[in-house]
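Participant: Here are the chains, one letter per residue:
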Amino acid sequence: MQPSDHLFRREAGRMVATLTRVFGVHNLALAEDVVQDAFCRALEVWKFRGVPENPSAWLLATAKNRALDVLRRQRTARTFAPELRRLLDSEWTLAPAVEELFAPNAIKDDLLRMMFSCCQPRLAEGAQVALILNILCGFSVNEIASAFVSSHAAVEKRITRAKKLLATSKRLFDVTAPADFATRLPAVHRALYLLFNEGYHGASAETAVRAELCHEAMRLAALLLDHPLGPTPATYALSALMCLNAARLPARVDVSGKLTSLFDQDRSLWDRELLTEGIRLLELAASGSELTEYHVEAAIASVHARAAGAEDTDWAAIVSLYDTLMSVRPSPVVALNRAIAIAQRDGPERGLEAIGAIEDRDRLAGYPFYPAALGELELRRGRHKIARKHFRAALALARNPMERRFLHQRVGACERGDPPQTAILEPANRLHREITG
Amino acid sequence: MSEFTFLFRGSDPTAQSPEEMQKSMQKWLAWFKELGAKGHIKYPGHPLERTGKVVRGSQKSVHDGPYAEAKDIVNGFTLIEARDLAQAVEISRGCPIFDVGGSVEVRPIRARECDAAE
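Chains as they are written, first to last, in the numbering used here: chain R, 1 to 437; chain S, 1001 to 1118.
If you're looking for bench data, these hints aren't it; they were derived computationally from the structure. A quick note: this is a predicted structure, and the numbers were derived from the prediction, not measured. Take these hints with a grain of salt, some might be off.
To be verified - Here are the computed lysine-lysine pairs in the BS3-like style, where the Cα-Cα straight-line distance is at most 30 Å:
| id | chain 1 | residue 1 | chain 2 | residue 2 |
| --- | --- | --- | --- | --- |
| 1 | R | 170 | R | 157 |
| 2 | R | 157 | S | 1053 |
| 3 | R | 258 | S | 1023 |
| 4 | S | 1042 | S | 1071 |
| 5 | S | 1023 | S | 1071 |
| 6 | S | 1042 | S | 1023 |
| 7 | S | 1023 | R | 108 |
| 8 | S | 1033 | S | 1053 |
| 9 | R | 170 | R | 258 |
| 10 | S | 1053 | S | 1042 |
| 11 | S | 1023 | R | 163 |
| 12 | S | 1038 | S | 1053 |
To be verified - Facing chain R, a subset of chain S residues (Cβ under 7 Å, in silico):
| id | residue |
| --- | --- |
| 13 | 1019 |
| 14 | 1030 |
| 15 | 1045 |
| 16 | 1046 |
| 17 | 1051 |
| 18 | 1052 |
| 19 | 1055 |
| 20 | 1058 |
| 21 | 1062 |
| 22 | 1067 |
| 23 | 1070 |
| 24 | 1076 |
The beta carbon of each residue, even a glycine, is placed where N, CA and C say it ideally should be.
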């Protein structure tokens, strides 16, 4: 049989999480070695003997046997998980204890435990995301560096440092204590949100890589929804946001990596199932008193999702949602998006005024879609020359081939005097600099 | 048809990410599948552990090992059926081991006298 796509990568997260629980978080590196070893064995054996009936079970059993081996041989030289010490010390209890630790439900908790541990406040947000990708999603340093278009050395340094810090914590995060869980949950939401956004708005020119980041974020968010303490209104809102945005992925970037603005997307390519799921989750999010940025962003995405075309969009609703977002989590990028929605509602002049009124717009100086928005609105006023100047400025700021191509095409449109279109932006929280920083 | 053994040497997957390892395995599976479909596989063979014991000399002394260089260690074998050595060599060229700097040793299995007379 054929193993499913990304089987090894998926299993890597589960296995490292469980082994870290068994060995203790200070032995993270040992857990990673054991997992690497299990993959080597699978690679060697399967290529000659074929893939077993249940490859995940095979990998897990191999990791478990290796773990028992390590526990027996090194228990005098090393200390393992302190809370399991008594069980692991005696030959009578060792095997049954390890057996229990590798049970399916225990493993699910281990993944969450690791996810919450990675989101500890002493780590910068970018480091948390890199750590989650490395440990829980099985991405290598190289793969992370390529997904974030940054250097191997920078990512490696960041991950090595983060792991060292993680290894100094006494134990993994306890996901059964409601108070601790609730305190750490916002950081976990934020990391998953950034992970998703890196896929959605990110720097990698490879469509497949970006979609993978989105899927990983959604997979981890689904784990949260599955835990008794996980499904808070904010978790539902975040999951809704991911579904609604992911539904547009097939139309947003085509197979050749060409970026298409919301206005020009072929809406028949939107994933109906994800849209329905997103709307369902958004309804579930509408309880309690807490209004998060995820609620507002998901609501904006749902307005787009409900419109048959750009011209049918309820722009007044979108402007008012951006007003709300500005009060929940203000940022110049959000203000820029608000200005574009105003332009849609009231015309390009009002949009340009709104852009001019963005207080901290100097923070947008390096953001290519700032001059691109100016260009688009000037173009709509028929001022091709000025529009072209803005798009050329945007082009100079482009961060990847995909953006470059998109903006290049807009410069061309000004030169040819094409009818205007609107390059709509979506609230992006750029992570790139944080990751490499 | 004649029989050959392929001895696989020196593929070291330890430096690869899970994704790369899976890709590498999938290449091997595809290669084996193709050979099987063409009727070239007499016996798929087995992987071998990196080390074991080496028994040597008239004293039959037992040593740990083999301590060869990683690139020289045999880590698996397969029995192949092919028309002749030239075809067996051609078949070996599709092996994914070359992507990771390994090698395939193609050795004809010496026919028994009665087989040769057939």
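Participant: All hints, please: hold or fail.
Facilitator: Hint check:
Of the supplied pair hints, the one linking residue 170 of chain R and residue 157 of chain R holds, its CA atoms being roughly 23 Å apart against a limit of 30 Å. Of the pairs offered as hints, the one joining residue 157 of chain R and residue 1053 of chain S is violated, with about 41 Å between alpha carbons and a cut-off of 30 Å exceeded. For the proposed pair residue 258 of chain R and residue 1023 of chain S, the alpha carbon gap of about 27 Å is at most 30 Å, so the pair holds. Straight-line distance between C-alpha atoms of residue 1042 of chain S and residue 1071 of chain S comes to about 26 Å, which keeps the hinted pair within the 30 Å bound.
At most 30 Å may separate the alpha-carbon atoms for a hinted pair to count; residue 1023 of chain S and residue 1071 of chain S meet this at roughly 21 Å. Of the supplied pair hints, the one linking residue 1042 of chain S and residue 1023 of chain S holds, its CA atoms being roughly 25 Å apart against a limit of 30 Å. With a C-alpha separation of about 26 Å, the suggested pairing of residue 1023 of chain S with residue 108 of chain R holds against the 30 Å cut-off. For the given pair, residue 1033 of chain S sits about 33 Å from residue 1053 of chain S by alpha-carbon distance, which is inconsistent with the 30 Å threshold.
Distance restraint check for residue 170 of chain R and residue 258 of chain R: the Cα-Cα separation of roughly 47 Å exceeds the 30 Å cut-off, and the hinted pair is therefore not satisfied. Taken as a hint, the residue 1053 of chain S and residue 1042 of chain S pair is honoured in the structure, with Cα atoms around 28 Å apart against an allowance of 30 Å. As the CA atoms of residue 1023 of chain S and residue 163 of chain R are separated by approximately 27 Å, the hinted pair is consistent with the 30 Å bound. In summary, the hint linking residue 1038 of chain S to residue 1053 of chain S is not supported, as the alpha carbons are separated by about 37 Å, beyond the 30 Å threshold.
Hint on residue 1019 of chain S holds. Least Cβ distance to chain R is approximately 5 Å, under the 7 Å limit. With 7 Å as the threshold, the beta carbon of residue 1030 of chain S stays out of range of chain R, its nearest partner Cβ sitting at about 9 Å, so the hint is violated. Taking 7 Å as the C-beta contact cut-off toward chain R, the hint placing residue 1045 of chain S at the interface holds, the least distance being around 5 Å. The beta carbon of residue 1046 of chain S is positioned within 7 Å of a beta carbon in chain R (closest approach about 6 Å), and the interface hint is therefore held.
Residue-level restraint check for residue 1051 of chain S is violated (minimum Cβ-Cβ distance to chain R is 14 Å; threshold 7 Å). For the restraint placing residue 1052 of chain S at the interface with chain R, the shortest Cβ-Cβ distance is roughly 15 Å, beyond the 7 Å limit, so the hint is violated. The interface hint given for residue 1055 of chain S is violated, since its Cβ lies 24 Å from the closest Cβ of chain R, which is over the 7 Å cut-off. Hint status for residue 1058 of chain S: violated, given a least beta-carbon distance of 35 Å to chain R, over 7 Å.
Proximity of residue 1062 of chain S to chain R is violated relative to the hint, the smallest CB-CB distance being about 22 Å (cut-off 7 Å). Restraint check, residue 1067 of chain S versus chain R: the minimum CB separation of about 19 Å is more than 7 Å; hint violated. A cut of 7 Å between beta carbons decides the hint on residue 1070 of chain S: the least distance to chain R is about 13 Å, and the hint is violated. For the restraint placing residue 1076 of chain S at the interface with chain R, the shortest Cβ-Cβ distance is roughly 6 Å, inside the 7 Å limit, so the hint holds.
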